[in-house]
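S.K.: Could you build the full structure based on these sequences and the hints that come with them?
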Amino acid sequence: DAKTTQPPSMDCAEGRAANLPCNHSTISGNEYVYWYRQIHSQGPQYIIHGLKNNETNEMASLIITEDRKSSTLILPHATLRDTAVYYCIALTDSWGKLQFGAGTQVVVTP
Amino acid sequence: GAVVSQHPSWVICKSGTSVKIECRSLDFQATTMFWYRQFPKQSLMLMATSNEGSKATYEQGVEKDKFLINHASLTLSTLTVTSAHPEDSSFYICSASLVGGSYTFGSGTRLTVV
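Quick mapping for you: the protein sequence lines, in order, are chains A and B. Oh and the first sequence: position 15 is 12 in the working numbering, straight run, nothing missing. Counting the second sequence from 1 gives a position; the working numbering is that position plus 495.
Do not rely on the hints blindly, as some may be mistaken.
[Unchecked claim] Incomplete in silico selection of chain B near chain A, CB under 8 Å:
1. Thr544
2. Leu563
3. Ala567
4. Gly596
5. Ser602
[Said to hold, decoys possible] Mimicking EDC-like on lysine to aspartate or glutamate, the simulated pairs with C-alpha atoms at most 20 Å apart in a straight line are:
6. Lys509(B) with Asp583(B)
7. Lys94(A) with Glu547(B)
8. Lys550(B) with Glu582(B)
9. Lys536(B) with Asp8(A)
10. Lys94(A) with Glu558(B)
11. Lys509(B) with Glu582(B)
12. Lys559(B) with Asp522(B)
13. Lys515(B) with Glu558(B)
14. Lys0(A) with Asp64(A)
15. Lys536(B) with Glu582(B)
16. Lys94(A) with Glu554(B)
17. Lys561(B) with Asp522(B)
18. Lys66(A) with Asp(-2)(A)
19. Lys536(B) with Asp79(A)
20. Lys0(A) with Glu554(B)
21. Lys94(A) with Asp8(A)
22. Lys49(A) with Glu63(A)
23. Lys49(A) with Asp(-2)(A)
FYI, nobody ran anything at the bench for these hints, they're computed from the structure. Each residue gets a CB set at the ideal place from its N, CA and C atoms; glycine is no exception.
M.R.: Here is the structure:
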């Protein structure tokens, strides 16, 4: 599965949109982009995933570039409860092994 | 949504003893489950993959005789840390893959070996 690169940390103001970038320049055509987050001392929480098209659900939006070499997770209105480590993962199929990188520590401030 | 219940949430044990961690899928059948551990300020590290009714597959560097995994039913997978030592103190998390392409995680078990 392709390696992903994320910034180690970012701050976001409460109520503003948080845009989390992820680089996956070696992603192959059948690899999905998954986003998870982990709030301190809890199990990871699924956010969203996509293959080529942009995706949106009640939690976030996922924007994937046309060449699929990068993507952005958008939290439309960040709240303090969105403070967490966010992981971007490229994975071939839904039965594969989810391997976590270092992720991005997002801190939402009042 | 699909829930994986993990118990205990924390445990303290003496060095040399064994500890069992359970993960149950509450409203779905988990054919495949994954076990992770996480040291402080580090990311999750995949330890092993377990499939119902067969032997677990361990990641490189994970001792299969130390971390015993049993996945005897479609709703229960267990991880037993045998002869635990202080260096085994960690946060252990289970996960199950879901139809539709996502994964659900347990709430984790904080193991402290004294």
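S.K.: Indicate, hint by hint, whether the structure satisfies it.
M.R.: Structure-based check of all given hints:
Checking Thr544(B) against chain A: minimum C-beta separation of about 6 Å stays under 8 Å; hint holds. At its closest, the beta carbon of Leu563(B) sits 20 Å from a beta carbon of chain A; the interface hint therefore is violated under the 8 Å criterion. At about 20 Å, the closest approach between the beta carbon of Ala567(B) and any beta carbon in chain A exceeds 8 Å, and the interface hint on this residue is violated. Satisfaction of the interface hint for Gly596(B) is found here, the shortest Cβ-Cβ separation to chain A being roughly 4 Å, below the 8 Å cut-off.
With a least beta-carbon distance of about 5 Å to chain A, the hint placing Ser602(B) at the interface is held under the 8 Å criterion. In summary, the hint linking Lys509(B) to Asp583(B) is supported, as the alpha carbons are separated by about 11 Å, within the 20 Å threshold. A C-alpha spacing of about 16 Å is found between Lys94(A) and Glu547(B), which places the hinted pair at or below 20 Å, so the restraint holds. In summary, the hint linking Lys550(B) to Glu582(B) is not supported, as the alpha carbons are separated by about 25 Å, beyond the 20 Å threshold.
For a cut-off of 20 Å, the pair hint linking Lys536(B) to Asp8(A) stands: about 18 Å separates their Cα positions. Among the hinted pairs, Lys94(A) with Glu558(B) is consistent with the structure: their alpha-carbon atoms are about 18 Å apart, no more than 20 Å. A distance of roughly 12 Å separates the Cα atoms of Lys509(B) and Glu582(B); the hinted pair therefore holds under the 20 Å criterion. Distance restraint check for Lys559(B) and Asp522(B): the Cα-Cα separation of roughly 29 Å exceeds the 20 Å cut-off, and the hinted pair is therefore not satisfied.
Of the pairs offered as hints, the one joining Lys515(B) and Glu558(B) holds, with about 16 Å between alpha carbons and a cut-off of 20 Å not exceeded. Between Lys0(A) and Asp64(A), the direct Cα distance comes to roughly 16 Å. Compliance with the 20 Å bound is thereby established for this hinted pair. Taking the CA atoms of Lys536(B) and Glu582(B), the gap is near 15 Å; set against the 20 Å cutoff, the hint holds. Taken as a hint, the Lys94(A) and Glu554(B) pair is honoured in the structure, with Cα atoms around 10 Å apart against an allowance of 20 Å.
About 30 Å separates the Cα atoms of Lys561(B) and Asp522(B), which puts this hinted pair outside 20 Å; it is violated. For the hint pairing Lys66(A) with Asp(-2)(A), the CA-to-CA distance comes to about 13 Å; that is within 20 Å, so the pair holds. Taken as a hint, the Lys536(B) and Asp79(A) pair is honoured in the structure, with Cα atoms around 18 Å apart against an allowance of 20 Å. Annotation: proposed proximity of Lys0(A) to Glu554(B) holds, straight-line Cα distance about 18 Å (limit 20 Å).
Under the criterion of a C-alpha separation no larger than 20 Å, the hint pairing Lys94(A) with Asp8(A) is inconsistent with the structure, at around 30 Å. Restraint check for Lys49(A) and Glu63(A): the C-alpha separation of about 7 Å stays at or below 20 Å, so the hint holds. Annotation: proposed proximity of Lys49(A) to Asp(-2)(A) holds, straight-line Cα distance about 16 Å (limit 20 Å).
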